[in-house]
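As they're listed, the protein sequences go chains A and B.
First residue of the first sequence? That's 2 in my numbering, and the numbers climb one at a time after it.
First residue of the second sequence? That's 6 in my numbering, and the numbers climb one at a time after it.
Among these hints, one or two may not hold up.
Calculated pairs, DSBU-like style, for lysine-lysine (alpha carbon to alpha carbon, straight line, at most 30 Å) [what the hints assert, rightly or not]:
{"no.": "1", "chain 1": "B", "residue 1": "Lys31", "chain 2": "A", "residue 2": "Lys3"}
{"no.": "2", "chain 1": "B", "residue 1": "Lys49", "chain 2": "A", "residue 2": "Lys3"}
{"no.": "3", "chain 1": "A", "residue 1": "Lys149", "chain 2": "A", "residue 2": "Lys177"}
{"no.": "4", "chain 1": "A", "residue 1": "Lys228", "chain 2": "A", "residue 2": "Lys177"}
{"no.": "5", "chain 1": "B", "residue 1": "Lys31", "chain 2": "B", "residue 2": "Lys49"}
{"no.": "6", "chain 1": "A", "residue 1": "Lys228", "chain 2": "A", "residue 2": "Lys149"}
These are calculated hints, taken from the structure and not from any lab test.
Now for the letters of each chain:
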Amino acid sequence: MKARAFSYFRAATIDEALDAHARAGDDARFLAGGQSLVPALSLRLQAPRLLIDITHIDELRGVRREGGHLRIGALTRHCEMLSEPLIAEFAPLLHAAAPFVAHPAIRNRGTFGGSVALADPASEFPAMTLALDAEIEIVGASGRRRVKADDFFIDLFETALQPGELITAIHVPLFKADQRFAFDELARRRGDYALVGCGIMATCTASRIDDIRISFFSVGNTPTRAKEAERSLIGSRLDAERIAAAQGGLEGDLAPPDSDEVPPAMRLHLARVLLGRLLGRLGEGA
Amino acid sequence: MSGFGETLLDATDETVRVRFVVNGRKVACEVAPRDTLVDCLRDKLELTGTHAGCEMGACGACLVQIDGRAAHACLIFAVQADGARIETIEGLTESGVLADLQAEFHRRNALQCGFCTQGMLVNAQELLSQVAQPSREEIRDALSGNYCRCTGYEAIVDAIDAVAKERMKARSAGGGGT
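Model the full assembly from the supplied sequences, consistent with the hints where possible.
Structure (structure tokens):
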């Protein structure tokens with residue numbers, strides 16, 4: 002339960018961090034909150050030669066409004082999702098999801114950018130970037146780019162990040178008056194990974210849904226949008242019939258992996274239950 | 006640790022000097038990059054009140070305060086903590102901030118083997134600093150990251166609940182200030 006020996010480098014700037022990674026010939030990992038990486042190192046699931054500590058890079062900090070977006074610095078800690086007023090006002094879905102992320106002491110150190118970069122399919126925040134139609138801001142040797150969350154999550158722990166690239170921030174469209182959101186998850190015990198979880202962002206006129214993004218986690222190799230369910234809801238009122246139709250759509254949207262503990266049929270059933278509850282809540286607010 | 010020398014990659018086992026403030030005292034020690042903070046506290050600084058349990062962030066036995074917030078000392082390498090302010094159970098005990106929690110744990114026998122107790126206390130202090138009057142459900146939620154292998158949770162929840170109420174009473178008696 003001890004990490005293999007490695008070298009440690011504390012980077013002061015993004016350039017220093019990228020340069021260190023390049024010199025290590027990709028046998029390096031960036032270290033932010035470390036709440037997933039350190040256990041992975043201890044279990045020797047990973048054993049890089051070099052750890053590059055990026056937590057002292059000022060440019061990766063801070064939450065601020067930028068035009069129609071909230072720019073959430075990669076080093077924003079999970080606990081700040083609960084305490085930062087800009088998040089509560091302009092990204093309330095993240096504020097709602099934050100209490101479900103692990104335990105308080107983990108939230109005190111874990112970072113938003115780190116969670117998105119790791120892309121654990123059972124984690125709350127990667128899935129919420131999908132629901133929010135967020136953009137991931139990335140820097141690497143070849144410069145800066147932005148990737149839509151829809152294009153970011155590729156496969157199990159595989160993202161659009163190339164070796165040596167770093168997430169600098171996540172851009173989230175500002176929450177608007179005609180939008181509604183809902184979040185919940187089903188877990189055996191609070192703080193455990195969810196059996197299934199879901200976040201929803203909807204734009205409504207009166208009680209008609211003009212646009213909706215439904216994102217599930219813990220149901221496959223990546224965070225997953227329920228596009229068929231979304232299609233069945235757009236342009237409609239949220240009545241019992243529509244909700245049932247959306248629940249039915251999940252069959253085509255989700256393909257839970259086989260597992261002895263939670264068979265796919267059970268996870269799909271739980272997803273339907275959860276979607277029904279969340280849409281019910283959205284409907285009450287409409 | 007500043008500057009990226011060409012030799013750095015060959016120096017994986019070489020110790021580095023880290024400095025931090027532990028329980029109000031400035032401390033310097035030599036650590037290998039892979040030494041976790043909990044090992045450094047216990048082995049180098051002989052602060053054995055912090056326990057190493059699962060060493061993967063699940064059991065909460067190693068909780069300390071880093072820059073004022075509860076954190077797992079097994080999920081941070083000592084080199085990362087360079088420059089930080091750390092409070093362990095020894096320091097928190099000396100300062101008296103936990104005295105009421107400790108007395109209540111004692112009074113209610115909210116510990117059996119005691120292995121998890123300091124982590125429970127650090128976590129309870131964190132909870133009560135965030136939520137003045139937690140419900141029993143909220144206390145249980147907050148404790149979900151702290152394993153008691155004797156499974157004596159009921160008395161622990163009782164103790165935290167009682168202290169929350171006492172602290173509220175003391176605050177309102179003190180004129181509503183924080």
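Comparing the hints with the structure gives:
no.: 1; hint: B:Lys31 / A:Lys3; in the structure: holds, 27 Å
no.: 2; hint: B:Lys49 / A:Lys3; in the structure: holds, 17 Å
no.: 3; hint: A:Lys149 / A:Lys177; in the structure: holds, 20 Å
no.: 4; hint: A:Lys228 / A:Lys177; in the structure: holds, 22 Å
no.: 5; hint: B:Lys31 / B:Lys49; in the structure: holds, 14 Å
no.: 6; hint: A:Lys228 / A:Lys149; in the structure: holds, 16 Å
This entry satisfies every hint, going by the numbered hints stated previously.
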